[in-house]
Amino acid sequence: MSRRGEAKISSELFTLTYGSLVAQLIKDYEEDEEVNIQLEKMGYNIGTRLIDDFLANATQTSKCTEFRETADVVAKVGFKMFLGIVPTVTNWSEDFTECSLILDENPLATFVELPSSHKDLNFSNLLCGVLRGALMMVQMRTDVWFKQDVLKGDPITEIRLKLHEIMVDEAPPSDE
Amino acid sequence: MSNALFDLFFVEMLTMLEERHDDSKDRSLLFHKIEEIGFRVGQSLFESNSGNVNKPTRFKEQLDVIKFICKDVWGMAFNKQIDTLRTNHKGIYLLQDNAYRGFNKMGKSPAEVEKAKLMIAFPCGIIRGGLASAGLIVAVKGELATLPACKFNLEIADA
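Protein chains in written order, with the working numbering: chain A, 1 to 176; chain B, 177 to 335.
No wet-lab data here; the hints were simulated from the structure.
Check before you lean on any hint, since a few could be wrong.
[To be verified] Below, computed lysine to any residue pairings styled on SDA-like, alpha-carbon distance capped at 25 Å:
{"no.": "1", "chain 1": "B", "residue 1": "256", "chain 2": "A", "residue 2": "12"}
{"no.": "2", "chain 1": "A", "residue 1": "27", "chain 2": "B", "residue 2": "206"}
{"no.": "3", "chain 1": "B", "residue 1": "291", "chain 2": "A", "residue 2": "28"}
{"no.": "4", "chain 1": "A", "residue 1": "76", "chain 2": "B", "residue 2": "179"}
{"no.": "5", "chain 1": "B", "residue 1": "291", "chain 2": "A", "residue 2": "15"}
{"no.": "6", "chain 1": "A", "residue 1": "41", "chain 2": "B", "residue 2": "192"}
{"no.": "7", "chain 1": "B", "residue 1": "256", "chain 2": "A", "residue 2": "10"}
{"no.": "8", "chain 1": "B", "residue 1": "291", "chain 2": "A", "residue 2": "19"}
{"no.": "9", "chain 1": "A", "residue 1": "80", "chain 2": "B", "residue 2": "178"}
{"no.": "10", "chain 1": "A", "residue 1": "76", "chain 2": "B", "residue 2": "178"}
{"no.": "11", "chain 1": "B", "residue 1": "256", "chain 2": "A", "residue 2": "110"}
{"no.": "12", "chain 1": "B", "residue 1": "256", "chain 2": "B", "residue 2": "314"}
{"no.": "13", "chain 1": "B", "residue 1": "247", "chain 2": "A", "residue 2": "111"}
{"no.": "14", "chain 1": "A", "residue 1": "27", "chain 2": "B", "residue 2": "308"}
{"no.": "15", "chain 1": "A", "residue 1": "27", "chain 2": "B", "residue 2": "208"}
{"no.": "16", "chain 1": "B", "residue 1": "266", "chain 2": "B", "residue 2": "333"}
{"no.": "17", "chain 1": "B", "residue 1": "281", "chain 2": "A", "residue 2": "55"}
{"no.": "18", "chain 1": "A", "residue 1": "27", "chain 2": "B", "residue 2": "196"}
{"no.": "19", "chain 1": "A", "residue 1": "152", "chain 2": "B", "residue 2": "216"}
{"no.": "20", "chain 1": "B", "residue 1": "281", "chain 2": "A", "residue 2": "58"}
{"no.": "21", "chain 1": "A", "residue 1": "80", "chain 2": "B", "residue 2": "179"}
{"no.": "22", "chain 1": "A", "residue 1": "41", "chain 2": "B", "residue 2": "195"}
{"no.": "23", "chain 1": "B", "residue 1": "291", "chain 2": "A", "residue 2": "52"}
{"no.": "24", "chain 1": "A", "residue 1": "80", "chain 2": "A", "residue 2": "56"}
{"no.": "25", "chain 1": "A", "residue 1": "41", "chain 2": "B", "residue 2": "198"}
{"no.": "26", "chain 1": "B", "residue 1": "236", "chain 2": "B", "residue 2": "267"}
This structure is a prediction, so every number in the text was calculated from the model and none was measured.
Chain B on its own, in the form it takes in the complex (with noise of 0.2 Å):
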């Protein structure tokens, strides 16, 4: 699969959303479309990858689900992993990526990091869709560090 395509085709869809929604001045509709557009992506890659749904012992602790996302999910999604995870051990995780692929090539103009501060809502979106099949709620912010790094700050609420 040729990355020329997947980067170009992420482009257009954010160009075709974008122009369903220009009357709007508002852009955390564009935002939530985008962020649902990862949820579901997430999901899947979640559930084809967490092995035999008949083993659901596979993740003792929450940690070890959120390791899941930052190795294996990040992996087969981006072919890289998460690079800082850490966490205050009571349902905060703040997870770092140094070099987020969709950011390799985008500058620091202000309307790159505009659309930037958009196309974060598609890691937020796989990172919530993830944790929702492991059963886990999540609120998950995204923010842009020194591009292409940027951090994603989890807040996991009470089972």
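Pulled out of the complex, with its shape left as it was, chain A reads as follows (with noise of 0.2 Å):
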């Protein structure tokens, strides 16, 4: 809108919030799992509208006809044009409806430490949703999760995403 220089806000102050508004979740709700809940359905509207933003700056103008094309896509472009990251994107399914992003740095988590207490809690599932969100207004209708998470002691990262098709119905999804 504004074509004056906009002044970027740094990844601190987004990292930051995030986790302050976490915090403030775990004091709302008793259970992790209805902050991962909250979360997901959080980053699932913000998938939806970003996409949009993603599409208006991504270089690559051919559309992805496939899961392995668009999963690449994801990782090289989306991720890096938004949190500046790289995922690898591997361990495909046999019959490539199944991968994982795995995360060398998570910038939503960069000053995180979980307290033993929260066992629970998908700290960054606002990433699954934002992941399902963008997709599902490309025709996928995807899974996402975190299959693993160095917060919780894992040794890697690992966002495992799972295609359940490819709507041809052009039709845009109705927010949850």
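Please assemble the complex out of the two chains, which come individually in their own frames, going by the hints.
So this is what it looks like as structure tokens:
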């Protein structure tokens, strides 16, 4: 909208605000699982809108027709554009409907240590929602979840993507 | 880090909190939640940028701490500085941001002004949190000027 040089926000602000929001949700909800749901839902809504920004700025103009290609673009273009990192796409299922994104670093969790009282919290669950929402807008119905997370003591941070169907109907999905 | 992501994130955060508290006609609880989120951000920004904790003499006077908020903390968060700082030298400060980042794209419709009145809780919290880290207890009142400008009235309690 504005053509004036818009001040860029720092990644520190995003990381801190996200962490502060999660802390607030932990206070507000009794169950970690409920916090996970809220974060995913919030991410989904972000993803369905963020895709416009992505399509407007991505240099790749051809449409992805296969999930394999899509996952690659998500990692190399999407993550790079919005979070400044490039996860590795790996662990494909034989039929190429499931894969993993391995995050060497996670900008959402830079200053975070999870207390042992919140073992079930998927701190960065927002990311799963963003991915699911953005993919839904390009007609790919998916499940996205944290399979491993270094915050929980796992050796790596791994987001798992599972494609259910590529929808032929072009009608936009309604919000959940 | 992309501005688009943060902006969408912030809007969705407000929406989610609003949905959670839409039963109460009183918006003050919602305002308080957003202010709290800002408070923790202000604390962290202050602590991670004010250098060595073993050198507490960094700030000679109260005004130095306020200046640090206006320049460094605002700079870290929004990549700009507070535009005007005035004080009566007795614990009252008036800060003005001529173009608060969060308001840059806001219109002047009543609904958007209502939203802006909530959104200002976030920078109010950042100021209060930053000053709390410096050991200053302060009451912060945010006030919308002609958007995207806004003002913050600070009243520091006697130690």
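Structure-based check of each hint:
| no. | hint | in the structure |
| --- | --- | --- |
| 1 | 256/B x 12/A | holds (14 Å) |
| 2 | 27/A x 206/B | holds (14 Å) |
| 3 | 291/B x 28/A | holds (22 Å) |
| 4 | 76/A x 179/B | holds (19 Å) |
| 5 | 291/B x 15/A | holds (23 Å) |
| 6 | 41/A x 192/B | holds (9 Å) |
| 7 | 256/B x 10/A | holds (11 Å) |
| 8 | 291/B x 19/A | holds (23 Å) |
| 9 | 80/A x 178/B | holds (10 Å) |
| 10 | 76/A x 178/B | holds (15 Å) |
| 11 | 256/B x 110/A | holds (23 Å) |
| 12 | 256/B x 314/B | holds (23 Å) |
| 13 | 247/B x 111/A | holds (23 Å) |
| 14 | 27/A x 308/B | holds (21 Å) |
| 15 | 27/A x 208/B | holds (14 Å) |
| 16 | 266/B x 333/B | holds (10 Å) |
| 17 | 281/B x 55/A | holds (21 Å) |
| 18 | 27/A x 196/B | holds (13 Å) |
| 19 | 152/A x 216/B | holds (23 Å) |
| 20 | 281/B x 58/A | holds (23 Å) |
| 21 | 80/A x 179/B | holds (13 Å) |
| 22 | 41/A x 195/B | holds (12 Å) |
| 23 | 291/B x 52/A | holds (23 Å) |
| 24 | 80/A x 56/A | holds (15 Å) |
| 25 | 41/A x 198/B | holds (18 Å) |
| 26 | 236/B x 267/B | holds (15 Å) |
Consistency with the previously given hints is maintained throughout, with no hint failing.
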